[in-house]
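**Q** Based on the hints, put chain Y in the right spot on chain S.
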Amino acid sequence: MKRLIRGALFGLFLATTVHAAIDTYEFKDEAERERYRTLTEELRCPKCQNQNIADSNAPIAMDLRQEIFRMLDEGRSNEQIVDYLVARYGDFVRYKPPVNAKTFLLWYGPAGLLALGFGVLAVILVRRRRVENAPTSNTLSEAERERLAKLLDKKDS
Amino acid sequence: MKRLLMLLPLAIFLVVAVFLYRGLFLDPSELPSALIGKPLPAFSLPSVEDEQRLVTDADLKGKPALVNVWATWCVACKVEHPVLNRLAEQGVVIYGVNYKDDNASARKWLREFHDPYQLNIRDERGTLGLDLGVYGAPETFLIDKQGIIRHKFVGVIDERVWREQLAALYQELVDE
Numbered sequence: 001m002k003r004l005i006r007g008a009l010f011g012l013f014l015a016t017t018v019h020a021a022i023d024t025y026e027f028k029d030e031a032e033r034e035r036y037r038t039l040t041e042e043l044r045c046p047k048c049q050n051q052n053i054a055d056s057n058a059p060i061a062m063d064l065r066q067e068i069f070r071m072l073d074e075g076r077s078n079e080q081i082v083d084y085l086v087a088r089y090g091d092f093v094r095y096k097p098p099v100n101a102k103t104f105l106l107w108y109g110p111a112g113l114l115a116l117g118f119g120v121l122a123v124i125l126v127r128r129r130r131v132e133n134a135p136t137s138n139t140l141s142e143a144e145r146e147r148l149a150k151l152l153d154k155k156d157s
Numbered sequence: 001m002k003r004l005l006m007l008l009p010l011a012i013f014l015v016v017a018v019f020l021y022r023g024l025f026l027d028p029s030e031l032p033s034a035l036i037g038k039p040l041p042a043f044s045l046p047s048v049e050d051e052q053r054l055v056t057d058a059d060l061k062g063k064p065a066l067v068n069v070w071a072t073w074c075v076a077c078k079v080e081h082p083v084l085n086r087l088a089e090q091g092v093v094i095y096g097v098n099y100k101d102d103n104a105s106a107r108k109w110l111r112e113f114h115d116p117y118q119l120n121i122r123d124e125r126g127t128l129g130l131d132l133g134v135y136g137a138p139e140t141f142l143i144d145k146q147g148i149i150r151h152k153f154v155g156v157i158d159e160r161v162w163r164e165q166l167a168a169l170y171q172e173l174v175d176e
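These protein sequences, in sequence, are chains S and Y.
Per the numbering used here, the very first residue in the first sequence carries number 1; after that it's consecutive.
Per the numbering used here, the very first residue in the second sequence carries number 1; after that it's consecutive.
The following block holds chain S by itself, in its conformation from the complex (with noise of 0.2 Å):
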């Protein structure tokens, strides 16, 4: 079962690298061959919009790998390609939009409901510490001492 378990994972390990569709380019060095992949991998393709440019098949990517490669051949740098791309199809294309005063609540809402949560937990605690270690007096007052007396009074007799 062990065996199975681990063999099953392995596959799954395998499937993640052969994903990816299948060019031919040849790069001049090892770095842009690297970034080629992480452009590839943090662009999206606009046709199949759940896919990288990297993974899709869609002619659209295709098309952009092969810009990309041509861009990367010129000797641009990475933010020059991504604004080309960003100038055709706009901030869609990024897996990783930029922050602005549209995308500002996607970048930091999570964060901030977060941290909404922890203070309304910190605020119950403080509350209920509050009312725990809250010092009652053993010593009753004067009118509660009646009270209780006459309430004792009447279930003794």
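List time: in silico EDC-like cross-link candidates among lysine to aspartate or glutamate, alpha-carbon distance up to 20 Å:
#1 Y/K145 x Y/E172
#2 Y/K38 x S/D83
#3 S/K102 x Y/E30
#4 S/K47 x Y/D131
It should be emphasised that the hints constitute simulated quantities derived from the structure, not laboratory data.
Since this is a predicted model, take the numbers as computed values, not measurements.
**A** This is chain Y only, laid out in the frame that chain S set:
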């Protein structure tokens, strides 16, 4: 104060529900074009009919028009074509961008199904398509008389789309 706090979860639920409800009717495959408000990208490409005739972005200026990206390999374009024919008959100016297509089949298509395009740009390698941010066909851009892209529609223009979305915009550009 306490009562208000008790209503808070309901309020949050309502806000989320409104957003999710709206989300049901959004089309996620429709990208807002990054080119709205920008001039047509500069290009110089042959026309579909005549290899010697070079078409540039300057040729598309002067009248508000539809710039329709089409190809013979695009099945949806066939559905759209009769609608474009009818619009052309009504006097709507339509320019074509024959996107990554085989020129012979494109000419055959225009002979067989009628040619609604005033000019047809032969974008065999898809360079103009790339500059226009085209990611499929058909796509249609609405340009004004200065050649500024004012609107983009992705998908098939049918009678209803024209009537409800594009006709008014086009008319507005004509009246400008």
